[in-house]
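A.B. asks: With these hints in hand, go ahead and build the complete structure from the sequences.
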Amino acid sequence: MLTFTIRRLILAIPTLLFISFIIFLIVKLSPSDPTAGLPLTIPPEVREQIRESLGVNDPVFVQYFKWLKLMMWDEPLHLIWVEDGWLYRFEDYLYAREICPHPPHLTQLERTDLFPDGDYNSCIFDEYGPRIISYQTRSPVMELILQRMPQTLWVVGTSYIVGILIALPLGIISAYRQYSWFDQLGTFVSMIGFSVPTFFTGVLFIVIFAVNLGWFPSVYDTTLEVTDWETFKQQFRQMIMPVMVLGLFNASQISRYMRASMLDNLNQDYVRTARAKGLSESVVVLVHVLRNSMIPVVTVIALNVPAVFGGAIITEQVFKVNGIGQLLIIAIQAGDVPVVQTVSFIFAVLIVLFNLLADILYGVLDPRIRYD
Amino acid sequence: MPDGAAPQNSDASDPTVLDVRDLKTVFRTRRGEVHAVNNVSFHLRAGELLGVVGESGSGKSVTMMSLIRLLPMPPAEIRAGVVDFDDMDLMQASEDQLRAIRGARIGMIFQDPMTSLNPVFNVGYQLMEPLRKHMGLGKEAARKRSVELLELVGIPDAARRLKDYPHQFSGGMRQRVMIAIALACDPKVLIADEPTTALDVTIQAQILELVKELRQKLGMAIVWITHDLGVIAGIADRVMVMYGGQVVEEAPVRELFANPKHPYTRMLLETVPSLSGERNDRLQVIQGQPPMLARDPDSCAFRDRCPHAFDRCAAENPLLRDVGPDGHRAACFWDGDTQGEEAVHA
Chain R
40 MLTFTIRRLI LAIPTLLFIS FIIFLIVKLS PSDPTAGLPL TIPPEVREQI RESLGVNDPV
100 FVQYFKWLKL MMWDEPLHLI WVEDGWLYRF EDYLYAREIC PHPPHLTQLE RTDLFPDGDY
160 NSCIFDEYGP RIISYQTRSP VMELILQRMP QTLWVVGTSY IVGILIALPL GIISAYRQYS
220 WFDQLGTFVS MIGFSVPTFF TGVLFIVIFA VNLGWFPSVY DTTLEVTDWE TFKQQFRQMI
280 MPVMVLGLFN ASQISRYMRA SMLDNLNQDY VRTARAKGLS ESVVVLVHVL RNSMIPVVTV
340 IALNVPAVFG GAIITEQVFK VNGIGQLLII AIQAGDVPVV QTVSFIFAVL IVLFNLLADI
400 LYGVLDPRIR YD
Chain C
3 MPDGAAPQNS DASDPTVLDV RDLKTVFRTR RGEVHAVNNV SFHLRAGELL GVVGESGSGK
63 SVTMMSLIRL LPMPPAEIRA GVVDFDDMDL MQASEDQLRA IRGARIGMIF QDPMTSLNPV
123 FNVGYQLMEP LRKHMGLGKE AARKRSVELL ELVGIPDAAR RLKDYPHQFS GGMRQRVMIA
183 IALACDPKVL IADEPTTALD VTIQAQILEL VKELRQKLGM AIVWITHDLG VIAGIADRVM
243 VMYGGQVVEE APVRELFANP KHPYTRMLLE TVPSLSGERN DRLQVIQGQP PMLARDPDSC
303 AFRDRCPHAF DRCAAENPLL RDVGPDGHRA ACFWDGDTQG EEAVHA
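Protein sequence lines correspond, in order, to chains R and C. Position one of the first sequence corresponds to residue 40 (this note's numbering), numbered consecutively onward. Position one of the second sequence corresponds to residue 3 (this note's numbering), numbered consecutively onward.
It is worth saying that the hints were derived from the structure and are not from the lab. Worth double-checking, as some hints may not be accurate.
Claimed, not checked - Which bits of chain R does chain C cover? Going by a derived footprint, with three or more residues having C-beta under 8 Å, they are:
1) 170 to 177
2) 309 to 318
3) 393 to 407
As the list claims (entries may be wrong) - Sample of chain R residues lacking proximity to chain C, with all beta carbon distances greater than 12 Å (derived):
4) Phe43
5) Leu64
6) Pro236
7) Phe238
8) Phe239
9) Val246
10) Thr266
11) Arg276
12) Leu305
13) Val322
14) Ile334
These numbers were taken from a predicted model, which means no experiment stands behind them. Glycine included, each C-beta is placed from N, C-alpha and C at the ideal position.
C.D. replies: Here's what the structure looks like:
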């Protein structure tokens, strides 16, 4: 298993390089201009200078390798720094050791305070090493992603967990009581949840629960910080609708897999053997059948995890959650190549990793599968 | 129950451990009911090996599954019957009572050892499950007993193999594991549902040897379901022939092979290819298909394929009657005299 994992990890490197190059080409092929979003009053020659300074006029390959070097070499240095067995973020480390005089995470106010000339980025380049910089915001892409990630993980991650928690028992009971009213209802609801798009259910929920009933806020407030019980309740309330909309969708999908997989196994001979041994129904179903049925379901669940990090582009838009999905959409609209490229690449890494994880889980759950 | 002289290996005076009377099982399907088991009665004595023969769909397995209620219900439905086992009517017993019997006092082995074991649990776990549940053994005691059981069924290096998964065993070895599981709690009755059908001939012979040997050692009563008459001849004390969900003939094994009365039994015996004597160019077959009974039989189920059928066979369903010594009974109006079919027209 270890050999298999190492081999797969090594194989992932050329795969990811290839994926990153394809993403880069696709993004570059799109006829977008990083200066298009700038005010019209900017004269063309200035625009040209801006383009020149962003490196947009360099050959595509040069641009790609510049990005690649930043992504593979410089960015990891900013993420972690190991000393005395401790993990630091590089900037924190430099600041703590007074190598760099400026704290790495600055609010807008502190920034203008410390850099009245708006020269914030120069410090980043000069003292913290080069970074991938967004065309739009002129701040490091990784910082943008780290800012957005918590929102996405909270909303989309919770909805995924809620979806799984609903789907597993639903699928198990549906299959065990096949064609019962519970199964009929469950299948009907999951068919609806599966086929109705989230931008529809999302708006529907807003109309019913936010506008008509006024139970929940219709807009997700990302500036809310949970500090006490009151703000926790507020956070909980604003999460309910997006989590339910996405959770319904996830639950529908996973419960169908669960049900089908349980049905496949319930008629197997080994189930009869288990009953012939005098085991109780709960042991037969929840130990013997479930363990077998979980094999494909766990794989599906693992394969869908990268989508959680990817955020739910549409649902995030509907509920105004500034997550990763929304960052990506705005970056695409603004032709912000570094953001699009980096975010897409991170998705690619996650997808490759979770594919590997699914394969490993498969081997762990099913003793018939051995990779060595 | 008309019991004549003693059968071969077991004694007629042995107590009856399992007594089935008028068992009736029906499957409800979309296309109506299928009467799979029709008023089947039989008994099993302590230490006896009862062979149950019949072609596919004759109700052999369904009868045995019915009596410990292991059939999926619905679609199956047990309409009538009394099954006396351990001073209890299994048909009236609660699910809990039945679970205490299954795997403990009645063990079962199934046809396909490739699929009968759970692929994701190791053999030791599957073997220890009934031990821990029925005998209340702790982990260590169950382990010890499992090793003994695997050794008993002839699996070498038993202690190490407990950790192996079913796919690491060959077909014959898996069937041995199944036997070990069935015997785990010293059952009084072992129901073997075509345990050698899915195995190749040499392995089949090994398993038969093993069962014979275990029977000597442990002395449980066995119901051996098969469609292989050769197997029955080598192992059974008494044979029950089933057709169309009914018992059509039952007799001690020698009596049945020497003196088959029911036309179906006779034809079944003729289909067995013989190595000695005149060589037949073609395999003997019984023409036609076994019936799918859509209602309670009111005529002989075999009459469409029977060379001796006459009017009465269509008018009523023959009941088992004594036709020979040692409790030899057959459900047929024909008296077995090939010349004088008219003789029966009484």
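A.B. asks: Does each hint fit the structure? Answer for all of them.
C.D. replies: Hints and how they fare:
Only when three residues or more bring their CB closer than 8 Å to a CB of chain C does the claim for the region 170 to 177 of chain R stand; here the count is 0, and the claim is violated. Counting residues of the region 309 to 318 of chain R whose beta carbon lies closer than 8 Å to any beta carbon of chain C gives 9, which reaches the threshold of three, so the coverage claim holds. Judged by the Cβ-Cβ criterion of 8 Å, the region 393 to 407 of chain R is covered by chain C as claimed, because 4 of its residues qualify and three suffice. The Cβ of R:Phe43 lies farther than 12 Å from every Cβ of chain C, with a closest approach of about 18 Å, so its non-interface assignment holds.
No Cβ of chain C comes within 12 Å of the Cβ of R:Leu64; the nearest lies about 45 Å off, and the non-interface call holds. Against the 12 Å criterion, R:Pro236 stays outside the reach of chain C, whose nearest CB is about 37 Å from its own CB. Listed as a non-interface residue, R:Phe238 keeps its Cβ farther than 12 Å from every Cβ of chain C; the least gap is roughly 40 Å. Every beta carbon of chain C lies more than 12 Å from that of R:Phe239, the smallest distance being close to 38 Å; the non-interface claim holds.
In this structure R:Val246 is separated from chain C by more than 12 Å, as the shortest Cβ-Cβ distance comes to about 44 Å. Interface exclusion of R:Thr266 from chain C stands, the closest Cβ pair being 47 Å apart, more than 12 Å. The Cβ of R:Arg276 lies farther than 12 Å from every Cβ of chain C, with a closest approach of about 43 Å, so its non-interface assignment holds. Remark: the non-interface label on R:Leu305 conflicts with the geometry, its nearest Cβ contact in chain C lying 9 Å away (cut-off 12 Å).
Interface exclusion of R:Val322 from chain C breaks down, the closest Cβ pair being 8 Å apart, not more than 12 Å. Not every CB of chain C lies more than 12 Å from the CB of R:Ile334, the least distance being 8 Å, so the non-interface label is violated.
Violated hints for the displayed structure, listed by number in ascending order: 1, 12, 13 and 14.
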